[in-house]
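Novice: Single-letter residue listing:
4 protein chains.
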Amino acid sequence: MQVGFIGVGVMGGPMILNLLKKGHEVTIFARHPEKASVQEVLQAGVRQAPSPRALAMASEIVITMVANSPDVEEVVAGPQGIFEGARKGLIIIDMSTIAPSVTRKLHEQASERGLHFLDAPVSGGSQGAINGTLSIMVGGEQNIFERARPVLAAMGKEENIFYVGPSGAGEVVKIVNNMLVGTISASIAEAFVLGVKAGADTDTMAKIIGVSTGASWQLANQFPMRAFNGSFKPGFMTDLLHKDLGLALDLAAENQATVAMTSIARQLYELSRASGHGRDDYTALMQALEQLAGVEVRSKQ
Amino acid sequence: MQVGFIGVGVMGGPMILNLLKKGHEVTIFARHPEKASVQEVLQAGVRQAPSPRALAMASEIVITMVANSPDVEEVVAGPQGIFEGARKGLIIIDMSTIAPSVTRKLHEQASERGLHFLDAPVSGGSQGAINGTLSIMVGGEQNIFERARPVLAAMGKEENIFYVGPSGAGEVVKIVNNMLVGTISASIAEAFVLGVKAGADTDTMAKIIGVSTGASWQLANQFPMRAFNGSFKPGFMTDLLHKDLGLALDLAAENQATVAMTSIARQLYELSRASGHGRDDYTALMQALEQLAGVEVRSKQ
Amino acid sequence: MQVGFIGVGVMGGPMILNLLKKGHEVTIFARHPEKASVQEVLQAGVRQAPSPRALAMASEIVITMVANSPDVEEVVAGPQGIFEGARKGLIIIDMSTIAPSVTRKLHEQASERGLHFLDAPVSGGSQGAINGTLSIMVGGEQNIFERARPVLAAMGKEENIFYVGPSGAGEVVKIVNNMLVGTISASIAEAFVLGVKAGADTDTMAKIIGVSTGASWQLANQFPMRAFNGSFKPGFMTDLLHKDLGLALDLAAENQATVAMTSIARQLYELSRASGHGRDDYTALMQALEQLAGVEVRSKQ
Amino acid sequence: MQVGFIGVGVMGGPMILNLLKKGHEVTIFARHPEKASVQEVLQAGVRQAPSPRALAMASEIVITMVANSPDVEEVVAGPQGIFEGARKGLIIIDMSTIAPSVTRKLHEQASERGLHFLDAPVSGGSQGAINGTLSIMVGGEQNIFERARPVLAAMGKEENIFYVGPSGAGEVVKIVNNMLVGTISASIAEAFVLGVKAGADTDTMAKIIGVSTGASWQLANQFPMRAFNGSFKPGFMTDLLHKDLGLALDLAAENQATVAMTSIARQLYELSRASGHGRDDYTALMQALEQLAGVEVRSKQ
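One line per chain: the protein sequences are A, B, C and D, in this order. Its first residue numbered 1, the first sequence is counted upward by one per residue in this note's numbering. Its first residue numbered 1, the second sequence is counted upward by one per residue in this note's numbering. Its first residue numbered 1, the third sequence is counted upward by one per residue in this note's numbering. Its first residue numbered 1, the fourth sequence is counted upward by one per residue in this note's numbering.
No lab work stands behind these hints, which were simulated from the structure alone. Treat the hints with caution; some may be incorrect.
[Claimed, not checked] In silico PhoX-like cross-links for lysine-lysine, where the CA-CA straight-line distance does not exceed 20 Å:
hint : chain 1 : residue 1 : chain 2 : residue 2
1    : D       : LYS157    : B       : LYS243
2    : D       : LYS22     : C       : LYS207
3    : D       : LYS207    : D       : LYS35
4    : C       : LYS300    : A       : LYS243
5    : A       : LYS207    : B       : LYS243
6    : A       : LYS157    : B       : LYS207
7    : D       : LYS157    : D       : LYS22
8    : D       : LYS207    : C       : LYS157
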């Protein structure tokens, strides 16, 4: 298929390589063509378009994977945006994590123009993007989802590509997932710092809690690979998780739902950012707490 | 083996039945012999002692499974306590969840009397107690742990019986686990209430997040069995989790460690208790939040 | 002076009446001319302009007192906005509480057009607006502030009209003040609910703490007039304080500053909104907490 | 009057000197007679008793001003305690800040022995102790309070000596006051750090907010004298405020009241303690937050 792709970063780069591997032809638009990730996909054989508008003209499906709501609005509905170049029936798949209210507005505008708009945010981090094993949660019309599925399957694990409901529902599920990423990780960070300071051993705690009622994906996977290992290279940057928790707070305010855990978790990541970890993996919060407590939480394995 | 058991409640009752099944002879001390759980084990063949002291005289191993630090201190070191009746070499196994500082004090007093004291708190809830599949985390001397292992194995899953370090370490690991139970469950509760209010579906969220980075034991097991199902029969009572989070805050204050997530989670369970859920399963917090938000988070399966 | 005024609500209405009293001629623009507050000022002798643009053409000073950042942007810089009708040298005074970053952007755009832009948010609530005793904190060029002072003095208490620094500084000071309003009020609410439940008397606590280290303007003024009195008519609506706390969180995220107290206070007002108090005085949070705790915190005086 | 005094520290020392000034004869019991504060009162003319029991035998009124609930229990009801030496009708005035439940228990035990027990915690810090201007909130029988008033009046400001209700009520009011001290101070700390980082000036903010709706005793008095001034000598130590907030959380748990603000404030003081400020004034929390944010909040006056 002719796939347009906007947003060639830590996530977008490897997603594009996987699209190529599965035989799709990919055109990209890159605001910063000099970036290493862009150069890498160009060498792998993608074409380059001078604008989202031009890219849309050459594509059957356009994927956007950018930083935030205003970025999506600009590349989709801006003056040189996708809407301006789209042929009737174009499927736009926004895989960014953004406000569901923005998703729904763009979906409506797309419908008015005879275009399709799916929200399809992902979970799994850069490793999932590289391995083509992302989880993808898709909101929008189900028949459009079915048509887009082969393209999504190039980037995600077949059994983890989910149709979740009408426009915006994909973003909601993603935000709820990332609320849990943020709160669970912050909880592990503070609990393990306390445990070690109170005399327990990191590996012992991880092993036992890993088979007990406090177990989580974060404890089984992210912490052993990053923080317990003293490695804070993302993965998923603190700044991005902080942004997603901001989306969660906005969504909660729209819906008058109290989210005290999420709210405090976000302040802890703020503390981690203030400690210089904005561009480190989000588990680096543990290091900020370690320094406050004067202990080290590390695996000896 | 001649096993004494003090604390015949929701947990202790089924633990005793499992000891009997494995061929141990059990003597109990019960402050409230009229309780149904006591009657049940008496009918199953346990003997009854008139005091912890008397029970200790008749036992090779004594297990305590009571509510809190003062209760353990009383049955172990009180005027009619275990210490008073213990023969040299008696192994006392405290399976309650209490302050590690109390554990260490009793361990020291036991040593001075030529007795052994293990802390061996459990995870797995009433279901684990019934099925004999508890996780058990044991602190104290390792050779004493090895001698006690056959008795522990009657109540817990062989591979989930862990020696974790010197006296008190078992309690620390347990408290760290329960901090995560409390924070993760409170996080799931608020996140799912928001998700449903924002238009997502309970089962869809549970399925997708269950295979994503927000996954946890709580989401996979406790919520589907209880809160998502509208069932709030414990399980593990809110009041008890609230107590354990109090132990965590005390441990944090002793160690000058900041535990903001735990601290807010405890306030949410306080809110749940104020809403009448003190004796319900801890996942009933979700119902308190549902009522505030005016939605229902239920599985349709 | 010829004063234009946009935003004729609970605050704007009485502010306009005070401008008239001091001899200023006032022209308003009202999106909803049928509102009671608009009718009241029309009867008092203000003129009406069909757009912010038209209003600007007829004014030496234009004051905006609207709900949020997008509203200010629209009436100032929108297609029919103040910028479009302004004569060189016009002084625009935005008295709304909005994001300092928006203030600074509009200030810059005004400068480019040869216009002046002050941020001059207020404190003192509807009562201060009625009595002409508002506190006003002004950011922008100091000489422009001096020229605007007579107009500000019609609405605020002479000694409480403050020049606080360059563009945006007024908003920052206002946001910091309202963070304290939000956190102190939430703290009073929870502390008094606990005090009464633990057996103390509302009036006794208020009297003693009022002369002790826990004293505050909120405890001395707002609570006796509203919540302690069972009266929740605003005053200052929960929804507006909730909005201001949102501005504070955004400002904190921009500046990587941790604001845990503010963050939790906002979640408590969210809880109050979910309990139906969005349009009540912000001290109604106490009533939400009273209902959870099953007590009443009321003055008997 | 013959006054016994137990607890010669930062508070007790100057309180004793004020008792002497008003003509009372004072006997002390000091566990650490070598302490400077003890030496100072000895030189000022107090006598020394070898035990609380001996001190009680020589006194008409005994005042206790010690660190926490167990300390009060020991000096009052311990083996060498006040109860053992007390003549019928002795008035015991506990001016410590402790759990109201302990107060009530001791009050009951005193009554059974024909003794009187008042709880009379104070507010005003070391400065108030020195100047004899403490606020004193007294619980217990009102006629006993009247008899004790002249002694209290030597230490506190006449108009700030309050009878607040039955036994324990004094402690409740004190705890509520200190909840507000803790939450308001933590709120000022975070709000001013943000304000300065966002470009506002410390003195300007303090001046304006001091006459606005965010005003408080803390902002008007404690911060200018300590933190704004770069001076963190207590005053009132972080460790002690942290202890009082712990009493508040315990009282809340007893009463099933949600105290989220207090709970987070306590974690912030935990952070301050971990940063080395345990024995500094509680406003030193601001310095911990300043360091995280990379700014200084200081007065230039």
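Novice: In ascending order, which of the hints set out earlier in this document are inconsistent with the structure?
Specialist: The structure conflicts with hints 1, 2, 3, 4, 5, although it agrees with all the remaining ones.
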